[in-house]
Every structure is written in structure tokens, then in C-alpha cells.
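Protein chains: 2
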Amino acid sequence: MMISTRGRYALRVMLDLAEHKDAEYVPMKEVAQRQELSLKYMERIMPALVKGGLVEGVHGKGGGYRLVGDPKECTVGDVLRLTEGDLAPIACLTHGAVPCSRAGQCKTLPMWTKLYGMINEFFNGITLNDLL
Amino acid sequence: MMISTRGRYALRVMLDLAEHKDAEYVPMKEVAQRQELSLKYMERIMPALVKGGLVEGVHGKGGGYRLVGDPKECTVGDVLRLTEGDLAPIACLTHGAVPCSRAGQCKTLPMWTKLYGMINEFFNGITLNDLL
DNA sequence: TTTCTACCAACCTATTTGGTAGGTAGATGT
DNA sequence: ACATCTACCTACCAAATAGGTTGGTAGAAA
Chain A
1 MMISTRGRYA LRVMLDLAEH KDAEYVPMKE VAQRQELSLK YMERIMPALV
51 KGGLVEGVHG KGGGYRLVGD PKECTVGDVL RLTEGDLAPI ACLTHGAVPC
101 SRAGQCKTLP MWTKLYGMIN EFFNGITLND LL
Chain X
1 MMISTRGRYA LRVMLDLAEH KDAEYVPMKE VAQRQELSLK YMERIMPALV
51 KGGLVEGVHG KGGGYRLVGD PKECTVGDVL RLTEGDLAPI ACLTHGAVPC
101 SRAGQCKTLP MWTKLYGMIN EFFNGITLND LL
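First to last, the sequence lines map onto chains A and X. First residue of the first sequence? That's 1 in the numbering used here, and the numbers climb one at a time after it. First residue of the second sequence? That's 1 in the numbering used here, and the numbers climb one at a time after it.
Bear in mind the hints are in silico, worked out from the structure with no lab data behind them. Do not rely on the hints blindly, as some may be mistaken.
The list cannot tell twin chains apart, which means a pair is met if one copy fits it or any two copies do.
[Claimed, not checked] Simulated pairs of lysine to aspartate or glutamate, EDC-like, Cα-Cα distance not exceeding 20 Å:
(1) K21 - D70
(2) K114 - D22
(3) K29 - D78
(4) K29 - E19
(5) K107 - E19
(6) K61 - D86
(7) K114 - D130
(8) K107 - D70
Using the sequences and the hints given, assemble the complete structure.
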């Protein structure tokens, strides 16, 4: 499986935040209920999106999360790369993989690379706004 | 990771068999050496390709494996589906997955489905012969 | 009957996945 | 000051997956 629940759930939360963009801050409790996701699990995922600058959270009563930018500017690729770490379809292409000694003679590597490019292009071409 | 070593190794073995198609039967011992793969691990993977009808194996001295069809007819998709089981990028789309109750209202499902289609089309469009 | 080969089953270690439990820190309302 | 609400953090856990290893058995040829 290329995309685990971590990335998929994050994307659904982002879409929920985009839908409730008028409310200043949306608490995760509400989002989790609407999306039928584990609140505790989501609380562990959100910091990655905060660190990536896609959302901001404020503590205390009336707090919650809010999208930082415009849903038209935020792509699915942005969300997935922050939460999944990498979208590479095979280990050889992950960022920080040990360079394979057979890379030069590998007959399959160009194919994997082309697919990797296709996947990135696909996700970078879809914004949150497109999915609303 | 969408494609594990299982599928990637299988593909490399298939390409090796295609390259040595003139020899009647090629023993895995030779293939494993050439491709620098664990013989024992490959022995566990090959039966899936036999069951799928892509290769045939004969026991005993002078035995080994041989491609059944033409390398022009065998696609990468065939090999990967037999060895990886499924090429779905997310769990919801795997064959035999429990149907999600949110499928009807899921805003992301069409996107995953489209990607799944792209990936299948990509792999079905590449034959062993293309990679030689 | 030895030797070579496919094939099969049990086991193993490490990592990833998908959480839960139990808090702390900061902001707000009373 | 205090209770309450919220993000955020840390430790733990069970199940699944990945990537093998070990030790064979079965069948065919020399």
C-alpha cells in the first residue's frame, strides 16, 4: 500500500477544515466526529501539518485548527508528502535511500522513475478546492 | 511502499529468463547469482508465477524455469499482480476489501480510483520485451 | 544411486501501521 | 483564582507486513 490511513485521514481533515473555513478555529473533536476518525490518532498526525505550515492550531477554549493558506493553493501532494513522508512507489526511490550498486545496469529503474514522476504530477495537480 | 521486493525481484527474474530464452531451462541458481538475489527467497516467489501460467519449471538435472509465452505478450502488470496480489494504492481499493460505509460521501475516493486506473494502465502498457 | 533441481513448510527478526492511555501547556470564561 | 476547553506530547501496544533463513521433500536426469 502506497498511501496509509495517516495520509488519507490527514487529507480528509484538511478538506473538512476547508469546508469550515468561515469558522475561525475548528476543534479536532468536531472534525473527528464528522469524519468518524479516532480523535487521539488525529492528534498525533496534526503536528506534522502544523510543522509543514499548512494549518495552525490555537490552544484553549474556542481554539482548534485553521487552514493557513487558500484551498486553491494547497495541493494533495503537499498534504501527503508531509504525512506519508514520501510518495515513492518503491524503496529505491525514497529520499535518503542507500544508492543501489546495480542502478546503472538496472533495466527496471527507468520504469519506476517514470511512474514516480507520474504519481507526483498527479497529486501536485489536485488542490483541496478541486475536491470540495 | 506500493511495490515490495517481492514484485520487483520477480520482474527482474522474468527479464533474466527473457534474456536467456534460447536456453531450454534456466536454473534459479544461475538467475539468483546474476541478479544478486537470495536463491531461497526467490524459490518462495516463483511458484506464484508458475500458478499464474507465466513460467514453467522442471525438476532434476538440466531443469529450471522457462517463460511460457512470448516476452512481447507478457506485461509488467501481469507479473506484479501475481506477486504483489494487488496494485491498489490504498486499502479501500484492494480486491476483497470491506466496502466502506462512507464510500458514497467520500470526497477523495474518486481521486484514488483515478490513480488506481492510471497505475494499472501504466503497468499493462509495458511488456518484458520493452524492458530488454 | 547420486546429483541436481523445483518446491514446500516452519520459523524468525525488524519495521510499519493504527491505534490507546495518560498526561502537560496554554488560552479562555466565570 | 479556578474550572474548562483545547492543542500537543510521550509511552506503550497489538497486529500485519517485509524479507528473509533453515531444513527439508519430490521428481528427473546422469
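Hints, verified against the model:
no. : hint        : result
1   : K21 - D70   : within (10 Å within a copy, 57 Å between copies)
2   : K114 - D22  : neither (40 Å within a copy, 30 Å between copies)
3   : K29 - D78   : neither (24 Å within a copy, 45 Å between copies)
4   : K29 - E19   : within (16 Å within a copy, 58 Å between copies)
5   : K107 - E19  : between (46 Å within a copy, 12 Å between copies)
6   : K61 - D86   : neither (35 Å within a copy, 46 Å between copies)
7   : K114 - D130 : between (25 Å within a copy, 14 Å between copies)
8   : K107 - D70  : between (42 Å within a copy, 18 Å between copies)
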